[in-house]
Amino acid sequence: MRRRDGRAPDQLRPMKFEVGILKNADGSAYVEMGLTKVIAAVYGPKEPHPRHILMPDRAVLRARYHMAPFSVTEERKSPAPSRREIELSKVIKEALSAAVLLKQFPRTVIDVYIEVLNAYGSTRVASINAASLALADAGIPMRDLVAAVSVGKMGGELILDVDDYEDKYGEADVPIAMMPGRGEITLLQMDGLLTPEEFIRALELAKKGIMEVYELQRKALREKYEAIWREYGF
Amino acid sequence: MSSKKELILPGMPIEKKGLKPGNNVYVEGGKIYSPIIGLLDIKNNVVNVIPLKGSYIPRVGDKVIGIITNYSLYSWSVDIRSPYEAVLMAAAAFKKPLSRPTVPLNRFLDIGDVIVAKVKSFDLLSSPSLAINERGYGKVERGTLVEITPVKVPRLIGKKGSLINLIKKKLNVDMVIGQNGRIIVVGKDKEAELKAAEIIYRVEREAHVPGLTDRISKMLEEW
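Just so you know, the sequences run in chain order A and B. Per the working numbering, the first sequence starts with residue 1, numbered consecutively. Per the working numbering, the second sequence starts with residue 1001, numbered consecutively.
Here are the simulated DSS-like pairs of lysine-lysine, each with C-alpha atoms no more than 27 Å apart in a straight line: (1) B:K1195 <-> A:K224; (2) B:K1170 <-> B:K1190; (3) B:K1118 <-> A:K46; (4) B:K1004 <-> A:K219; (5) A:K103 <-> B:K1031; (6) A:K224 <-> B:K1218; (7) A:K23 <-> B:K1005; (8) B:K1020 <-> A:K103; (9) B:K1063 <-> A:K46; (10) B:K1063 <-> A:K103; (11) A:K23 <-> B:K1190; (12) A:K219 <-> B:K1016; (13) B:K1195 <-> B:K1218; (14) B:K1004 <-> A:K224; (15) B:K1139 <-> B:K1169; (16) A:K224 <-> B:K1005; (17) B:K1195 <-> B:K1159; (18) B:K1031 <-> A:K208; (19) A:K207 <-> B:K1031; (20) A:K219 <-> B:K1017; (21) B:K1139 <-> A:K46; (22) B:K1043 <-> A:K224; (23) A:K224 <-> B:K1016; (24) B:K1005 <-> A:K219; (25) B:K1031 <-> B:K1020; (26) B:K1004 <-> B:K1160; (27) B:K1031 <-> A:K219; (28) B:K1118 <-> B:K1169; (29) B:K1120 <-> B:K1160; (30) A:K46 <-> B:K1120; (31) A:K103 <-> A:K46; (32) B:K1004 <-> B:K1218; (33) B:K1195 <-> A:K23; (34) B:K1063 <-> B:K1120; (35) A:K207 <-> A:K219; (36) B:K1188 <-> B:K1168; (37) A:K224 <-> B:K1159; (38) A:K103 <-> B:K1118; (39) B:K1120 <-> A:K103.
Think of the hints as simulated: they come from the structure by calculation, not from any bench.
Just chain B, same shape as in the assembly (with noise of 0.2 Å):
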């Protein structure tokens, strides 16, 4: 178990000495600082700070679920939670191109449904661009959708899937995490995806206090 991490808020310098700049921190006069409100992290003397709270910022890779906002011709525009809106181009949604477009393309995706999607690339100068044409990836077709904030993430997967991993065995649920915060969640019946979602809230909203994984494996066990 893990001990209490010191919370760091933006403006004042770490005073540490012989620290380099990690994640999350920038450096200003010779000094180290935390933008954001988090939590200290060193590791062999690297200073990292870990966010409470932020925004998704899409990373190429990066497995999200998303939904999908509108169509045209030729895509689909989809909220990933992030600041950007996203782009499925329809030559990345479907295995086999499409000749020509002679059907409208919510006949396949309409507005409201949801992916599992790839973001294929982004550069800040263009909006992220979605690929479904792999295994694994597609659209949703039954389950419960929970979202939290997106920095929580790695710690509701837990090390090496640990804490997810938990979950999903002792609920019998498969979960399906993105890295924009978005959850979905598929059970037997419709109480287990719910109390999958309590607890994932929980883990969110206690991600900071240590013995996370201890509470939820009792809770789990009393349910």
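So that you can see chain A by itself, here it is in the shape it has in the complex (with noise of 0.2 Å):
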């Protein structure tokens, strides 16, 4: 089976990882999945405002999901937080947080500001990527990197990084992020149904995938001090 945009059933989309591209964050990611494009900013560890959200023993992540007005083809989406942009902010703060070492620095807040700027089917996953590399880049200390993919179901077919459309016609839409250094599954959500055994093959996929952009995001990372060695012939 070919997949509408001519894809294999286990290919990602074209991505693209980038580090390093906002001179005033502390940390800065921007990622593209096909058409889903992202960017990351992490502050910090800084002075927790308001000051009573500090931890005695850690540092506090927050993450902050947002999509661009212009991120939709459809009507202008309000630039308020959502109630899904809302649910979205939590998870991703969640799955980032099983990494982030926090209780190096106790008694401080650490910020991912997430912006979608095209929306094109498994924005989460996309910001999960940028938010991790991201964090990387600011010099804060992580157990891994996360890696997310999404998997789904299509005509009765397991596929890989599901887009806008296959998340609006298929069968199900699967968002995982791991550690995959580790093995440690930090974010699983489902919508639409699998049986067992589809979900067992469609978390083998999603590896799969996940091992792909996992050596992505390590060769971005990379980049940004390579450049400057190739600069000198090293």
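Join the two chains, each given in its own frame, into one complex according to the hints.
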């Protein structure tokens, strides 16, 4: 089976990962997964405001997932945070918190701002990929990078990296985030229906996709410093 | 000239046998990991990771450069580019103790003033407290303030101050380096100060590229 955009069932969309794109953020990243485009910025660790949110033994990680008004093709999206954006902010924060060594910076806050520039399916996993790169770029200690993909089902077949069309007309959409070096899952949601057997196969498919994403993330992180090496012939 | 060091990323274990953990690494399940992006530095079988970016965590005894952000009856608040805002008590600011506050503290140090201070105490439970009542510390009257990521300060100083002394000598400027990544450059004219700033930014950008001292000294010769 070929998919609507010509991909094989286990094929990712064309990907682009870039690190250190914002001058004023402590860490930043830009991620493209096909037509889905996301920017992430990290500020911190810094003084917590309001002060009452501070934790005496660890840093507080805050994440804000936001869709730009121009990110959708239908009617302009209201810039006010929607119910969906609040939910995604929460699950993204939890997916990242598992990786960040928060105990190293007690009584501080780390802010992650995620802006969806173009939404065409799997924005939450693109956001996690960008945010984890931005955290690493900021020099914040982590157990591993967090890499994420979504798997789905369309026309009875399991597919990797669900795009907007497949999300709308498919039978299931399962976003998954992992710390690939550790084999630990930090996000797992499911919209739609899969049989238990399909779910196990979907998980395997996701792991394969996550390893590909992980490699691209590592390459992007290295590139920032390797580019300067190359200037001097190293 | 040292050779190029290996870039290390979070997540993957450092796969070499018989090594002991050093700075900026942690052990989990018997394997050594780096929690940050950095350069791998193995000396005498001890694994260290040299960070490429990071925030400043105060340590007692550090020399830091701070900016006054607020004042109250007995103390100032000082921004030291750290997640933890520092406090300068009036008692740690004057050589002779003030018996009673008779004039507002902003008569001595106002908001926006730059100080060279020493970290007197810090324990992660209370804010770091500073002192300026020793020789070599106090208000900065002139010069150019340069900011770099604090983790590159050791590279800027160089082995036994080799790099910083080279810059000072060639540009005929004086420099005060704060461990928090702030540097004050004082020269005869603004031009020398700006040249020093340019070189400091260059060091920050290329700290991980071998042959840095040679390139900097070439830059200084050409000036």
